[in-house]
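K.L.:
Chains as they are written, first to last, in the working numbering: chain A, 1 to 408; chain B, 1 to 408; chain C, 1 to 408; chain D, 1 to 113; chain E, 1 to 113; chain F, 1 to 113.
Don't read these hints as lab results, they were simulated from the structure. Errors might be hidden in some of the hints.
[To be verified] With a straight-line Cα cutoff of 27 Å, these simulated DSSO-like cross-link-like pairs (lysine-lysine) come out:
id : chain 1 : residue 1 : chain 2 : residue 2
1  : D       : Lys82     : B       : Lys186
2  : E       : Lys40     : A       : Lys253
3  : E       : Lys40     : D       : Lys2
4  : E       : Lys2      : D       : Lys72
5  : F       : Lys2      : F       : Lys24
6  : D       : Lys82     : B       : Lys190
7  : A       : Lys253    : C       : Lys375
8  : B       : Lys184    : D       : Lys82
9  : E       : Lys40     : D       : Lys40
10 : E       : Lys40     : F       : Lys50
Note that the coordinates shown come from a computational prediction; the quantities given were computed from them, not determined experimentally.
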Amino acid sequence: MINTTDTAFVLSSAALVMLMTPGLAFFYGGLVRRKNVLSILMQCLTILCVITLQWVLFGYSLAFAPFNGLIGGLQWLGLNGVGFEPNADYAGTIPHQVFMIYQAMFAIITPGLIIGAFAERMKFSAFLLFTLLWATFIYDPVAHWVWGVGGWLRVMGSLDFAGGSVVHISSGISALVTALYLGKRKNVEKGISPHNLPFSILGAGLLWFGWFGFNAGSALAVNNIAVNAFIVTHIAGALGGIAYMFMEWVNNKKPTALGTITGMVAGLATITPAAGYVNIFASVCIGLSAGIVSYYMITIIKTKFAYDDSLDVFGVHGMCGILGMLMTGIFASKAVNSAGANGLLAGNGSFLLIQIIAILAITVFSLIGTYVILKIVDALIGVRVSPAEENMGLDLTQNQESAYTILV
Amino acid sequence: MINTTDTAFVLSSAALVMLMTPGLAFFYGGLVRRKNVLSILMQCLTILCVITLQWVLFGYSLAFAPFNGLIGGLQWLGLNGVGFEPNADYAGTIPHQVFMIYQAMFAIITPGLIIGAFAERMKFSAFLLFTLLWATFIYDPVAHWVWGVGGWLRVMGSLDFAGGSVVHISSGISALVTALYLGKRKNVEKGISPHNLPFSILGAGLLWFGWFGFNAGSALAVNNIAVNAFIVTHIAGALGGIAYMFMEWVNNKKPTALGTITGMVAGLATITPAAGYVNIFASVCIGLSAGIVSYYMITIIKTKFAYDDSLDVFGVHGMCGILGMLMTGIFASKAVNSAGANGLLAGNGSFLLIQIIAILAITVFSLIGTYVILKIVDALIGVRVSPAEENMGLDLTQNQESAYTILV
Amino acid sequence: MINTTDTAFVLSSAALVMLMTPGLAFFYGGLVRRKNVLSILMQCLTILCVITLQWVLFGYSLAFAPFNGLIGGLQWLGLNGVGFEPNADYAGTIPHQVFMIYQAMFAIITPGLIIGAFAERMKFSAFLLFTLLWATFIYDPVAHWVWGVGGWLRVMGSLDFAGGSVVHISSGISALVTALYLGKRKNVEKGISPHNLPFSILGAGLLWFGWFGFNAGSALAVNNIAVNAFIVTHIAGALGGIAYMFMEWVNNKKPTALGTITGMVAGLATITPAAGYVNIFASVCIGLSAGIVSYYMITIIKTKFAYDDSLDVFGVHGMCGILGMLMTGIFASKAVNSAGANGLLAGNGSFLLIQIIAILAITVFSLIGTYVILKIVDALIGVRVSPAEENMGLDLTQNQESAYTILV
Amino acid sequence: MKMIVAVIQPDALEDVLDSLYKEKINLVTVSEVMGHGRQKGITEVYRGVKEAGNLLRKIRLDIAVNNSYVEKAIEAILGSAKTGNVGDGKIFVLDLEQCIRIRTGEEGSNAIG
Amino acid sequence: MKMIVAVIQPDALEDVLDSLYKEKINLVTVSEVMGHGRQKGITEVYRGVKEAGNLLRKIRLDIAVNNSYVEKAIEAILGSAKTGNVGDGKIFVLDLEQCIRIRTGEEGSNAIG
Amino acid sequence: MKMIVAVIQPDALEDVLDSLYKEKINLVTVSEVMGHGRQKGITEVYRGVKEAGNLLRKIRLDIAVNNSYVEKAIEAILGSAKTGNVGDGKIFVLDLEQCIRIRTGEEGSNAIG
Ligand SMILES: Nc1ncnc2c1ncn2[C@@H]1O[C@H](COP(=O)(O)OP(=O)(O)O)[C@@H](O)[C@H]1O
Ligand SMILES: Nc1ncnc2c1ncn2[C@@H]1O[C@H](COP(=O)(O)OP(=O)(O)O)[C@@H](O)[C@H]1O
Ligand SMILES: Nc1ncnc2c1ncn2[C@@H]1O[C@H](COP(=O)(O)OP(=O)(O)O)[C@@H](O)[C@H]1O
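Pulled out of the complex, with its shape left as it was, chain A reads as follows:
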């Protein structure tokens, strides 16, 4: 039976998640140099358009149509059979199409996250091909594993409320692979200052706003789970910001705005898989640990291993996806969500184990899959712009535009 309140709620949530892609574009766009800001924004716009089409044509079917444990079937190609009747496997009180379009927004933002890793140096054509292949061969299967009917991780009992593994681990690990594959940007050792931090802060604000739709909307109905997800999301974002800020304050004597929004996003990403399963106390712990972990990833690990994960996709999203899945394994409680599971603190260590298996499986799959895709794209059209193009900037060389005028 369709419930119009739930329907309206998920539609609004879909709109909010859609807004996260422009939000992400600004979050990332502010961090690059002026000569490359449009390339970031353009990649986000392109993903918004192209993945929508991919999803309608075959992506949704591959991810959610029943078939086997590894991949969805082809019966929903072109959204054939995806109508107004609810699909009780996914959401019994809203039209199937509403579930489809809500999930589309997740399929869009996930490859969007990756672009931060290869910022300022990837060819536009290579980016486009990479994104299409990645969405099809990494995202769709992983979404099927975790959320699809018959997906093996779902069957095994792994829980990922709103995409900690599907969205954040998959993109974060793939980001690391692309960063290593493409190599460093020229001059990166000398430091590349963000060209417009207010843009990044605007993006962070829009991301937080949209994240309410991302996490609360994942309840797919207006109920206590949605309420809980809304609240723990807000709290984890806040605590992530606080933790990063104080890590900086202690270590560098000053907190920074960029550090604070980094911690916020880390907190929001970490709570994502847990939002429907953990209580407020857990969300405080999750937020704090997210800020601390992402701080160390960026300042210590990245510096030590000297990879150029340009906008810290691995350090923030990858690690926080992993952390969030573990935290779900630790803090999940049937008292919060009877359809969920009890975690380690509720005495059920085996659930944590399942979460670890999910993390490992998705990590390994994303790692290998992304590498193979990069190899193919590189062989076909080459992935990296020439040094001259890198000097001149991607905006001019890939898109023939300038973000800002200088003289008039």
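Once you have looked at the hints, place chains B, C, D, E and F with the ligands on chain A.
P.N.:
Relative to the frame of chain A, chains B, C, D, E and F with the ligands by itself:
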């Protein structure tokens, strides 16, 4: 009977549509030179304020109060009699006031669209008088024709779900008239580069977000029509972006961010009249055709006829409004909306004819009406700033402000 | 009994109010010099994070737990006992936690408003300590007086629908105290131009959008009160903008964009306490008076007394909070809200008197309390940055970042 | 060799560059500056409070030329930047002792063009 | 005629302009520059990673004056831009061979003011 | 004393500064400029309509030095800004008559460094 879910849905939609006006301001504002950006933003703000008042005082009554086929009555002046009881003529499940405020947002954004045509050269006082006259003598009657009880196009059976004709054709045609009447900007042949493309992209993101409220909200209830409108809107926006991007790629060897957002907005505008009547397949066709048509309008037609429709209001909104009305005539199907109509593809060519009559009527009316209004405004206070003011920029000369500081 | 429509409505409203804090950050951030924009944004981000924690730990309990007339109890520390069951004292149809998180957003934005008064010269550490003390010792008690069960102003019959006194008077008066206490910025007499007015306009747009959640959401249910609040909010914002614009036009021969958004925010702030109690006609009067009062406050009073309320928090929020409470006393009508009161125009002068008592009480309390807090903070860590730091800018000296790059 | 520094109205930039190119003076460096001169600034108003805005946006051109091009360059600028209104700007000529092309290391007159 | 180029602290701009105007030196061109000098830059920190920010924001003034005004201009700048702290900046004086007012075509000393 | 003005590629800035510092030339003023030279601009395309973008972003350095440092400065710039591609930029040398440190009022050679 009031349905609170529908009420909340339309209120949220109204909030979303309200946000489109700032969104439009940034979409346009990024495209002009630094010295004129505030004039664009200021015009949008002014419209938001002034048309709200006009709507409350008499605009709503002129557009929606029952009277005759050409114009609404005066019985709802000052919102007299517009209360909490639903008005079944418009929306039987929400308070009449909710319908009124939702429609206010449409009345606001429509004159906002026009300002892109006379950007960088119209006097502020002339703009204000023009806007008030235009809203009263063009928008209100046209809204009445199409949506008002007894409106002649509504009676004839023309369908415009969310404003393809009322909003986009009326503003797009009027835009062309103002561009021709005011003449070109100085130096326009030498090319005027957008001063801040990220702002335009931000605007496009907010527009897309708000468009969910614009189109889905036009169902005025949470039902399958609303769900359908939401989804086809998203798809058409995406396909519009893809089409424009690839037109550029083929013709200029590089896709651009500005082109992509132009195509997106074209797709969103084109689906607007059709959103409640066509299915997903149609939305793909509509989006693609929108991108292609707007591309040719801007690159070929505008270049050929050399009018200075500064921000392409006619090429995007005018043409896409027309295209969308035609597409509705072609793709509309009672299978999607039993209260709608069957179009050409469903074997009903006469409906397409009705759509064409609506297009022609609104085009001719907007064309003549706008010309007359411009003549009057020009006679009274003059429409164009002096060449010296144009050189100095409208921000300083019309509003005594600068958008950005240069030295500190 | 939980009503899911009301729950979804208040959750969405909470999300909208959350977005107001980034909105405010940009509204303020655009007005300062480039070297200080991050300090403004950072302070807003910090408040978003830190007050969330304060609220969860003890702020909500202090403000809303039943205890006595002056302050809330401690029984809800750590949100203990704040569960999914509705609390009929506050909102009988939504989970208690939803009310709590909605109120959190108000507790966040209120100290955010104050920072405009001490912009460009306060130490970050001092700001943080000040904010925590202020939220705890001023905001929480005042919220309890007005909205808490047993709060003395609530008991007395004072009405403040969405925070005219709790939010705007408390922050506006405290702002004036901080401006006087910290003294003027260096060079302020020579004029400090806004470094990025489009940012301020973006912020104003987001504020207006969020204000729908702020005022309509304060009905805590989807009903005629919410509808009324939504509509009068929109109208008052519009009329505030019109009034300021025309005051400028008459006095300076040109209207400005900054003036217009100032008037908008003034209108929105003034309608806040009244939104659930007054009709549309009243909202027109309220909007107009808000624009006029804030215009005179900024141009005449501030110039005359020469205090450096840097971003006019007192002139806009303080005065408009007071004006709004008075207007509620004048225009309130049981015809709009039977749970409300009749005001002066409905023949009930005694209600206006109660409103005046509320204004005076909160003004005096905020004034003294803020002064004491500043004294303490000053004694402990000093409130003002050194002149050298002020010259260099707070972004570099307090947060070790630059908002924009200049060369690349 | 001379270094010609011209301060012109932003609007004249395109025309000035075109005129210079016509004289085969193809190498220029352009920057954004603010000028205070006889042309009155516009008083800006923020929230109703006036602020004397006494600096106006201008464009600066730096053109290094061999002596034989000095007249041509000046003529080109005068011909294209002059509107006759206050604020048209100034041309300054400084002596240039040396000019080196970084790419080749060429020096003097050969490096100018 | 001389071309005086002064690099000063951004904060001193208003005072320096006022002092110049008092000496009837009303024509100046101002631009935004970044300077590296004895004044230490502030190390910026992005996401906890330090970056040596060795360039600081400064303001550059270009003032063309007749010889008799050189001293006055220098005094005016020294008097208003000096705080005694490192970073106050420098004044450079170059010889100016020619000056032309675009609006009128006037040359030399007459064109300066 | 000389005033050295160098126009270089934006990307070379860090290297050029490093090379100058190595030669103990620590005081420089840097600004953002646009250059038209032999290096072809990229045609920009807005909504499918082409626009000849004939100005490219460059960085300008102003370095005041004592005569004994002129060669060192030029060598340092040549050594670090040269890629051999069109667009590397130019170095201009002008005579500097006077230099004053605002902070101390010191003049001439002593004030340069
Ligand atoms: N003596 C000068 N020194 C430096 N810049 C000057 C000088 N004279 C003029 N300028 C620059 O030229 C611009 C135009 O000068 P202005 O006096 O307004 O017009 P006009 O030269 O037509 O009288 C000024 O804004 C300033 O930037
Ligand atoms: N020799 C020079 N060449 C070019 N610019 C210089 C030179 N010396 C100083 N400057 C400029 O002046 C600014 C202030 O100089 P600095 O050494 O910091 O202070 P001070 O002159 O008080 O010792 C520098 O940031 C730089 O922009
Ligand atoms: N004669 C000149 N006058 C002023 N600026 C010049 C001159 N020659 C070169 N430049 C500056 O140097 C930059 C690089 O010059 P360009 O001709 O492109 O490269 P190259 O010097 O390698 O041939 C130009 O963009 C311009 O800013």
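K.L.:
Each hint needs a verdict: does it hold in this structure or not?
P.N.:
Going down the list of hints, with the structure as the test:
Distance check on the hinted pair: Lys82/D and Lys186/B sit about 16 Å apart at the alpha-carbon level, within 27 Å; holds. For the hint linking Lys40/E to Lys253/A, the alpha-carbon distance of about 18 Å falls within 27 Å, and the restraint holds. Of the pairs offered as hints, the one joining Lys40/E and Lys2/D is violated, with about 36 Å between alpha carbons and a cut-off of 27 Å exceeded. A C-alpha spacing of about 23 Å is found between Lys2/E and Lys72/D, which places the hinted pair at or below 27 Å, so the restraint holds.
Distance check on the hinted pair: Lys2/F and Lys24/F sit about 16 Å apart at the alpha-carbon level, within 27 Å; holds. For the given pair, Lys82/D sits about 19 Å from Lys190/B by alpha-carbon distance, which is consistent with the 27 Å threshold. The hinted pair formed by Lys253/A and Lys375/C meets the criterion: a straight-line CA distance of about 24 Å does not exceed 27 Å. Only pairs whose Cα atoms come within 27 Å are accepted, and Lys184/B paired with Lys82/D is accepted, the gap being roughly 22 Å.
Note on Lys40/E and Lys40/D: the hinted pairing is violated, with a Cα-Cα distance of about 38 Å set against a maximum of 27 Å. For the hint linking Lys40/E to Lys50/F, the alpha-carbon distance of about 45 Å lies beyond 27 Å, and the restraint is violated.
Against the hints set out earlier in the document, violations occur for numbers 3, 9 and 10.
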